[in-house]
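Asker: Listed below, chain by chain, are the residues.
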Amino acid sequence: MNHPVVERHPILDPEKAAPFPAAAFQILRNTQLRKNVAHATDVIQEKRDRLVAEKADWQELRSAGSALRMHLLENLGHYLEQFEERCTATGGVVHWAKDAAEARAIILEILRQEHATEVIKIKTMTSAEIQLNPAIEAAGMKAFETDLAEIILQLGEDEPSHIVVPALHVNRTQVREIFARRMNRPELTDDPKELTGAARTFLREKFLRVPTAISGANFLVAETGSVVIVESEGNGRMCLTLPRTMITLAGIEKVVPRFQDLEIMLQVLARSATGERMNPYSSLWTGVTPGDGPQRFHVVLLDNGRSDILARGRERQTLKCIRCGACQNTCPVYRQTGGHAYGSVYGGPIGAILTPQLMHLEHAQTLPYASSLCGACYDVCPVKINIPEVLIDLRAKVTDKEREEERRFFDPMYLGMIIANFFFASAARFRFAQKMGRLGLRLFTRKDGWIHYLPSIGARWTMTRDLRGLPDQTFREWWAGRNAGRGKEGR
Amino acid sequence: MRASLFITCYNDTLYPETGQAVVTLLERLGVEVEFRPAQTCCGQMHANTGFRSEAYSQAKRFVRMYQDAETVVIPSSSCVAMIRDQYPGLFEELGNEELRREFASFLPRVYELSEFLVDKLGVEDVGAYFPHRVTYHASCHGLRALHLGERPFKLLANVRGLELVPLENLDRCCGFGGTFSVKNAEVSSAMLSAKLIDVLTTRAEYCTALDNSCLMHIGGALHRQFAAMRTLHMAQILASTEATPMEATL
Amino acid sequence: MSSSIGSREAILGKIRHATGNGAADIAGSYAALERKYVRAGGLAVEERLALMVERLREYDAEVLEASPDSLPDAIRAMLDASGRRVFVAPAGLPAEWLVEGFDWKIDHELTTSEIEKTDGVVTASFCGIADSGTIVLHHSAAEGRRVISLLPDWHLCVLKASDVVETLPEYFARCAEPPELATYISGPSATADIEMTRIKGVHGPRFLNVIVVRDEAT
Chain A
17 MNHPVVERHP ILDPEKAAPF PAAAFQILRN TQLRKNVAHA TDVIQEKRDR
67 LVAEKADWQE LRSAGSALRM HLLENLGHYL EQFEERCTAT GGVVHWAKDA
117 AEARAIILEI LRQEHATEVI KIKTMTSAEI QLNPAIEAAG MKAFETDLAE
167 IILQLGEDEP SHIVVPALHV NRTQVREIFA RRMNRPELTD DPKELTGAAR
217 TFLREKFLRV PTAISGANFL VAETGSVVIV ESEGNGRMCL TLPRTMITLA
267 GIEKVVPRFQ DLEIMLQVLA RSATGERMNP YSSLWTGVTP GDGPQRFHVV
317 LLDNGRSDIL ARGRERQTLK CIRCGACQNT CPVYRQTGGH AYGSVYGGPI
367 GAILTPQLMH LEHAQTLPYA SSLCGACYDV CPVKINIPEV LIDLRAKVTD
417 KEREEERRFF DPMYLGMIIA NFFFASAARF RFAQKMGRLG LRLFTRKDGW
467 IHYLPSIGAR WTMTRDLRGL PDQTFREWWA GRNAGRGKEG R
Chain B
224 MRASLFITCY NDTLYPETGQ AVVTLLERLG VEVEFRPAQT CCGQMHANTG
274 FRSEAYSQAK RFVRMYQDAE TVVIPSSSCV AMIRDQYPGL FEELGNEELR
324 REFASFLPRV YELSEFLVDK LGVEDVGAYF PHRVTYHASC HGLRALHLGE
374 RPFKLLANVR GLELVPLENL DRCCGFGGTF SVKNAEVSSA MLSAKLIDVL
424 TTRAEYCTAL DNSCLMHIGG ALHRQFAAMR TLHMAQILAS TEATPMEATL
Chain C
1358 MSSSIGSREA ILGKIRHATG NGAADIAGSY AALERKYVRA GGLAVEERLA
1408 LMVERLREYD AEVLEASPDS LPDAIRAMLD ASGRRVFVAP AGLPAEWLVE
1458 GFDWKIDHEL TTSEIEKTDG VVTASFCGIA DSGTIVLHHS AAEGRRVISL
1508 LPDWHLCVLK ASDVVETLPE YFARCAEPPE LATYISGPSA TADIEMTRIK
1558 GVHGPRFLNV IVVRDEAT
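Chains as they are written, first to last, in our numbering: chain A, 17 to 507; chain B, 224 to 473; chain C, 1358 to 1575.
It is possible that some hints are incorrect.
[What the hints assert, rightly or not] Calculated lysine to aspartate or glutamate pairs in the EDC-like style (CA-CA distance at most 16 Å, straight line):
1. K1474(C) <-> E90(A)
2. K1371(C) <-> D324(A)
3. K1371(C) <-> E90(A)
4. K222(A) <-> D1382(C)
[As the list claims (entries may be wrong)] Non-contacting residues of chain A with respect to chain C, defined by C-beta distances greater than 10 Å in every case (computed):
5. H94
6. M157
7. N187
8. T257
9. D409
10. D427
11. I434
12. F439
13. D464
14. G501
Treat the hints as calculated values from the structure; they're not laboratory data.
Computed from a prediction, not measured in an experiment: that's the story for all the values here.
For glycine and all other residues, C-beta sits at the position ideal for the given N, C-alpha and C.
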């Protein structure tokens, strides 16, 4: 099976991205990336595991977090309306965007009304989801990322590969090259401290000058209409304090019912995301505070497929996600491929269930299969999303779509499954299939009793693994023979 | 004590010696073993690949077949996980009240092999002898779905002559994942290459597990590389005694 | 924006369709949510304060202890040790904290460039959370606007011992009502974006100093 060649900088657009096996095939040859990904995920995991071990009530926090998020989703309409009412009462303007296009249009309109020529941004996956930056550029404005990883990616014309550490696939030499070229600092060495200092200087003047900022939200508090931003570097604080206008883009599922609920979410988020008891800076603001921070504040609430996920019984739990990235850090598949292979802003286990659903299963159909179902993600998810369960359900939905398509007759995997089911339906058929299989595979069995090569789907196994030839006697044949010899019938 | 052996479709066809070892072991412990020849498959492969209605028809057949069995023993944690974790959903969505009742009464009688030995028979020393250096790989279903925990370690600790070498990154998936091994063969192989590093570093003679699926994958690569290590199911280690030593045929 | 209003109804309509009208008694089902996690710590006062100081020092914050009477001296000592001269102070900072010998810029609507020219800032705080070494600012009059504890490179924060709690839930329990503005500081800013190498001090004050005031009968 030959995979199509993938472009050097993969587009994280699920409508255009290569299927996961094809994307992974090329990325696996990038040993530098695999080393970086393994190192980064090891570091965070080790820190996370240590902190979780010391937290005696970790499981209780997970249970409470899961129950809280489920309650929120079950009453999402109520809490969104409450948030809107409170946010508006405190000086914010709330907009509703049913899809990415509408969200972009709303934001561009605000920017136009502001006569904005530049925008500074706090890292937000949601803005990447709606492909905001290209739209801003197309409208003749400049969008500056201010998160260190995001600058590395923006200046390097690259794409994020991890929810929390988006540039983990880039090493220091590559960063040095990007900064030297794009910041016009040829004298820079590859010392991370120096590179970080270069970013600090590069950004300082922007923070002090650009009057319009765009953020995401880690949490929206319904009770008060507040926004919470959790970060490490301080660029968030800069963007949410200095400009005149703030636009916050948030998925509708970001709401928590009450301020007090943050006592659960903040405890699990930092430990899961970066392996810290608390991240360096968290900020909360409510509407507009005269004399302090942006005096114009907009919130854009984004649906973009979330309300559809909400409607599905087993899949609703996908929306519990608080974007901690712990699932990515522990996933043995992600460890080998990094995020780009998933062809979406959201990669790893959460991406494998979220992206296909946001695409209404019309795209990203290979993502639910991009998993060995090992369950490590479920173990670490701070809000107990049963990702394997959702993966299996999505596979069933993808297969149901395939059942209606002509192409299924040409898909050896599909045919194989239908045929296998036929043979599993009775013991007589199964025994027949076993005998036929044993006969047929004899062709491929070498003198040492092993198979080294098989055709078609079998070749996907034998490309890296041998297969022991089928023994001359199945277990049931042995059992029947034993019992005949003993004059006793097995039932 | 009677135990009905569900050998699993792949063990039946590919690893009959594992089934033979289970029979030898259980009979040595005084269990009367029966085998229902109507058995074929539990439906896991179809369920996990998205063929839900096919999986349901196999699940229905499975439950009906074992309705009156005293206990069902299965030397495969992934199959037990299928029954415990996915059968409820299948019967809820596609089944009827009667089937759900049958399943509910049947479920407590299903055991993975190490669960049967430790929990049901209350035995941790099965009287085995296997004088070799061995490392144990924790299959994901056994580890996370069945929470087998210490059971396999307790059983191995009591095998005379056995030197157990701990496996680094014990809980990291080997990359088999059922049809994943073929649909995503490259990533599966990349995960396997990482697992092989840990396995080979132990310098054990044998890598064992409670699932032949993982061992088929790990062992297939070991064989391809002419590595000085083989795989074998733990049932074969536990069945091995001075009188009837088991060697891997893998 | 009429399209946005139409979208509002459309989105809420889809949500209602997906969830029904939610729980009949939302407040009741919220109140019934299980919260078996630790709501309050078990450390005695001395241990709690020691933990707070330990966590702060893990972040390379400078920490001094003082009594309410010796507080101004402690402030002077820290400002002296910093080698800096020009400090921003919130308009509501207690007068006795504005120790002699330094150039104080009181924040009566200072401009950003005026703040940029200062060397450091001194503020009060709302509370400290020992478990995570977190300093909480609610930006009251004595804590100041957010910009003044953000732009200067050096921040001295005065934390009363009676305001130190052990766990995060205890902080929330202290809030009679939710704050309008809050900043939670748990160490200097940091990034690990380049090869997971932890670099401290990206944006925001690179130097954090804390005086723990032993008020109450502790």
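Asker: Which numbered hints does this structure break?
Answerer: 1, 4, 5, 7, 8
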